[in-house]
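Chains A and B, in that order, are what the protein sequence lines are. Position one of the first sequence corresponds to residue 23 (this note's numbering), numbered consecutively onward. Position one of the second sequence corresponds to residue 95 (this note's numbering), numbered consecutively onward.
You may find that some hints are simply not true.
Calculated lysine-lysine pairs in the DSSO-like style (CA-CA distance at most 27 Å, straight line) [stated by the list, open to error]:
(1) Lys348/A <-> Lys115/B
(2) Lys249/A <-> Lys156/B
(3) Lys331/B <-> Lys230/A
(4) Lys299/B <-> Lys69/A
(5) Lys299/B <-> Lys283/A
(6) Lys156/B <-> Lys117/B
(7) Lys117/B <-> Lys138/B
(8) Lys117/B <-> Lys249/A
(9) Lys230/A <-> Lys100/B
(10) Lys138/B <-> Lys283/A
(11) Lys113/A <-> Lys69/A
(12) Lys248/B <-> Lys69/A
(13) Lys353/B <-> Lys248/B
(14) Lys113/A <-> Lys248/B
(15) Lys117/B <-> Lys397/A
(16) Lys397/A <-> Lys115/B
(17) Lys174/B <-> Lys156/B
(18) Lys299/B <-> Lys156/B
(19) Lys299/B <-> Lys249/A
(20) Lys118/B <-> Lys192/B
(21) Lys348/A <-> Lys333/A
(22) Lys249/A <-> Lys174/B
(23) Lys249/A <-> Lys192/B
(24) Lys192/B <-> Lys174/B
(25) Lys249/A <-> Lys100/B
(26) Lys115/B <-> Lys174/B
(27) Lys331/B <-> Lys353/B
(28) Lys283/A <-> Lys348/A
One-sided excerpt, in silico: chain A residues whose CB lies under 7 Å from chain B [claimed, not checked]:
(29) Arg349
(30) Thr351
(31) Lys353
Because the hints were derived from the structure by calculation, they are not lab data. Note that this is a predicted model, so its numbers are computed, not measured. Just so you know, even glycine gets a beta-carbon here, dropped at the ideal spot from N, CA and C.
These are the residues of each chain, in order.
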Amino acid sequence: MSELKIVIVGHVDHGKSTLIGRLLADTGSVPDDRIEAVRRRCVDQGKDMEYAFLLDALEEEQAQGITLDTTRIQFHSAQRNYVIIDAPGHKEFLKNMISGASDADAAFLLIDAEEGVREQTRRHATILKLLGIRQIHVVINKMDLVGYEQAVFEQIVAVCTDALAQVELQALSYIPMAAKHGENILARSAHLDWYQGRTLIETIDTLKAQHPEADAPTRLPVQDIYKFDHRRIVAGRLESGTLQVGDTIVCWPQGTRTRIKSLESWQRNQPLTTLTAGMSVGVTLEDPVFLQRGTVIAREEAPPLVGDHLKVTIYWLGQQPLRAGKRYTIKLTTQETTCEVAAIDHVYDSSDLSTADALDQVPTNFVGEVTLRTKQPLAFDLFTQVAETGRFVILDGFEVSGGGSIVGLADAVNQAKSQREAEPAAPRQVFRKKLKRSIVIEK
Amino acid sequence: MDQLEKLESESIFIIREAYQKYKKIAMLWSIGKDSTVLLHLARKAFYGHCPIPLVHIDTTYKIPEMIAYRDKIAQEWNLKLVVGSNDQALQNGMGPDKGRLTCCNALKTEGLQQVMAQYEFQGLLMGIRRDEEGSRGKERYFSPRNADFEWNYKEQPPELWNQFQTEFPEGTHVRVHPLLHWTELNVWQYILRENIPIIDLYFAKNGRRYRSLGCAPCTTPITSEAITIEEIIEELKNTNVTERSGRAQDQVDAYAMQKLRVRGYM
Ligand SMILES: Nc1nc2c(ncn2[C@@H]2O[C@H](COP(=O)(O)OP(=O)(O)OP(=O)(O)O)[C@@H](O)[C@H]2O)c(=O)[nH]1
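Please build the complete structure, drawing on both the sequences and the hints.
Here's what the structure looks like:
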């Protein structure tokens, strides 16, 4: 079985790194000398053992007791392999938190029992929602500090359930814990005998990988073209779907059609017969069609959307706000073009969800529902249909300053509406460009 | 895809991305297992070719077998190899007796700096992994170093969904880390599966083998009976000692690696 990625999120100091450190130590997943080195360091500094130091290895992190940057560690239970991702909880390091969380299959949201739901608890919940992470468990940590009181637990569960509902999320379970003392990580605790649910490790083993659906549409964004040994190899990662020799494919946004001639490989025992999602591949094509980095190869029967007016939801991380009319760069798979914000429809704070009055900019850590106009047309999908080709980043100058997902094609929304009034048609077909004949660029 | 196929596929994506983005790019080859796996992955990414030159920083304190192995493989695989060394420092008598961290800085970091300047490389592929030690755990796949070679670990670019920040102000070079998400065990499992030729210093002789390779004066072999890759894998599954415990520069103080790496060490 393939590995599953789990991110641990929550407000600053609520115990994320401690939980991971303890989980690794209790399952024997880190070498003894590494634990011993941390133990000695804590004794030297006159502190209790800080399991968090197994993750927070930088000098500044240990001195200040906070996580600056994300890290990830492979871990395995008796059942399967996992990657556990530590994310910082401090507001200043949200871009590091998002870097950690962006590709997770599941999340544990930690809440300090003494402090309850705080600003970053809510913000992280909004981010999980935007990232499309739906497997969420909540851990109420530091139960030792509230005398292991069930009433405190229940009260936080109520507040958190409400906070999650505001961003249309629902936790799969709530687990009381004292991470520092290892209670309810592997071992149950007599202090928490009122809790009958699963421990952390039992919960982890119930998680499911977010497998791409077997019948998902085929998307191969071209990464590069190699001309080794007189073959023209089209290289890229198959983001979704499958490909085989002989498949009729269309190259978007140009709309040229050809067929897969060969699947390339080097030093393989058995020849490749089918390419599946996630593979870095190379193919050759029957016709010498025009292709470049960014071209999206799709099977004929399931084309992507194509357009230059996108309706998107953006989480903004930039130091300068995202401004209407200013030029940015958008990167979507291997496609890259200039873009600008044509309209801002709604702006809200990612923590308390309060709406901003001004609609000419999206400030740092706010979420914007905006229309982007791109210089070149892009080939893409709605985030809810093919996540890999439905999300993008925005660069302000050199810097990655925001991430977002596509919720619609602005022109086509109207088109589709008028089309629907005229005759019922699948929206996808409305956007489909007429297929051109292959353009021959070389002989 | 199984776990190794997934790791391989992610690494190949990153190698290809770096090759596409940087005209002047090199790959650091320390002769050890990780950078040799990286080299194999590059040949896989480019269907048997290695269009990226290799750089080896020779401190002259390397274990002699390493140099012989390097030259043999370079010839067999038709590799472009650049060997760099900080001759000035060596002439002035630099060595581990001047202090281990001082020596690493001069012979490795500065040696690398000279090669980077001479060839004007913008990108440098390296085989470091998060699980090697703490400061590497905090690395990005595309990690910028400023003109002074410094790593600004407090302000790293976000990396979401395989979208990497690849462009930076003049003078920056980018360290690219395609093996960041692999573990030591993954590396050996992959070597076994792919049948990658590995220098025999890793296999036990007279009850000792090297687990991590470096300069002779600062690298101690571990006690081991493992003489095959399968036996190394078994040994690693049961060990409770860190990989770099035999590397003296790591043990100088609690944050030694962070201090070296902030100044541009690998
Ligand atoms: N009493 C008690 N203290 C805990 C528990 N879990 C963690 N702590 C302490 O809480 C402090 C913060 O823990 P961390 O694990 O560093 O918190 P974090 O959430 O990773 O912090 P950031 O990543 O900086 O947001 C440390 O001093 C821990 O020892 C617990 O269950 N009980």
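Problem - Pair hint outcome, Lys192/B versus Lys174/B [Cα-Cα no greater than 27 Å] - result: Violated. Lys192/B to Lys174/B sits at ~33 Å, over the 27 Å cutoff.
Practice task
Measure nothing beyond the straight line between the CA atoms of Lys230/A and Lys100/B; if it is 27 Å or shorter, mark the hint as holding.
Solution key: holds, 17 Å
Practice task
Please work out if Lys353/B and Lys248/B have their alpha carbons no farther apart than 27 Å.
Solution key: Within the cut-off at roughly 13 Å; holds.
Handout entry: Pair hint outcome, Lys138/B versus Lys283/A [Cα-Cα no greater than 27 Å]
Key = Holds. Lys138/B to Lys283/A sits at ~20 Å (cutoff 27 Å).
Practice task
Measure nothing beyond the straight line between the CA atoms of Lys118/B and Lys192/B; if it is 27 Å or shorter, mark the hint as holding.
Solution key: violated, 34 Å
Handout entry: Hint consistency between Lys299/B and Lys69/A [alpha-carbon to alpha-carbon, up to 27 Å]
Key = Violated. Lys299/B to Lys69/A sits at ~43 Å, over the 27 Å cutoff.
Problem - Holds or violated: Lys283/A to Lys348/A, with C-alpha atoms at most 27 Å apart - result: Judged against 27 Å, a Cα distance of about 44 Å means the pair is violated.
Handout entry: 27 Å limit on alpha-carbon distance, applied to hinted pair Lys249/A and Lys192/B
Key = Roughly 50 Å separates the two Cα atoms, so the pair is violated.
Handout entry: Interface hint for Lys353/A, Cβ within 7 Å of any Cβ on chain B
Key = Constraint on Lys353/A satisfied, holds at 5 Å.
Problem - Hint validity - Arg349/A Cβ closer than 7 Å to any chain B Cβ - result: violated, 15 Å
Problem - Pair hint outcome, Lys299/B versus Lys156/B [Cα-Cα no greater than 27 Å] - result: Since the Cα atoms of Lys299/B and Lys156/B sit roughly 18 Å apart, the hinted pair holds (cutoff 27 Å).
Exercise for the section: Sort out whether Lys156/B lies within 27 Å of Lys249/A, counting only the CA atoms. Expected result: violated, 38 Å
Checked against the numbered hints above, the structure violates hints 2, 4, 5, 6, 19, 20, 23, 24, 27, 28, 29, 30; every other hint is satisfied.
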